[in-house]
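Enquirer: Sequence:
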Amino acid sequence: MLSIFKSLPANQSKINLDNDQLWMFASKDPNSPSFDLDCLELQVLLKLSGVDYVVRPSIEPEASPNSKFSVNQILNTSTSEVNKPEDQNSMELTALSMFVESKLKPAIYLTLWADDKVYESYTKLMYSQKRNVLIKPFILNELQNIFLKKVDTGRTSFREEEIIYENAEECISFLSKYLGTNQYFGIE
1 MLSIFKSLPA NQSKINLDND QLWMFASKDP NSPSFDLDCL ELQVLLKLSG VDYVVRPSIE
61 PEASPNSKFS VNQILNTSTS EVNKPEDQNS MELTALSMFV ESKLKPAIYL TLWADDKVYE
121 SYTKLMYSQK RNVLIKPFIL NELQNIFLKK VDTGRTSFRE EEIIYENAEE CISFLSKYLG
181 TNQYFGIE
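Using full-length UniProt numbering, the first residue of the sequence shown is number 1, and each one after it goes up by one.
Quick caveat, the hints were computed from the structure, so don't treat them as lab data. No false leads were slipped in.
Simulated restraints on C-beta separations: (1) 169 <-> 91: 21 to 27 Å; (2) 137 <-> 97: 33 to 39 Å; (3) 89 <-> 121: 37 to 43 Å; (4) 105 <-> 139: 20 to 26 Å; (5) 142 <-> 92: 36 to 42 Å; (6) 126 <-> 166: 25 to 31 Å.
Derived DMTMM-like pairs: lysine to aspartate or glutamate, alpha-carbon spacing no greater than 25 Å straight-line: (7) 130 <-> 142; (8) 130 <-> 116; (9) 136 <-> 116; (10) 130 <-> 115; (11) 105 <-> 160.
We put the CB at the ideal spot given by N, CA and C, even for glycine.
Let the sequences and hints guide you as you build the complete structure.
Expert: Structure below.
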């Protein structure tokens, strides 16, 4: 069993012992879906490692994994079952694609929808070609709001935009080093 935390909630009535239990610090409101960020990162790592477990919310702050226990120890014991190279390769590719997507998507959205030059010369033309002239401005404005909300930043927070672009640049340089001189994507 995956025993992670020192204390478990006393008010938990029936516990299913078939799967490992992962107690995560949650808010006191049972209807609130929010969890501690460290808990969510651990949850993703365990899922990618192939550990089968059940998430149980806990309102005790000790259930947060931020430096309370060694994540590597848990991952090493759980990934010993996943020794097949194809499983490790698929997990690595999944993690890599999630990393690239999380870093590049916000930068692409910012470039296409927040940069005035790109918006006027490219985005506006591409998204309004086959639209009715009367509703073009409304649709474009709504699309711009949707994509900028996905980035979760306002047009005035230039520092956040710089951080997003720096993260995308680091991601591209990491991806370049990872791919090396090999040819990918069918390019000859």
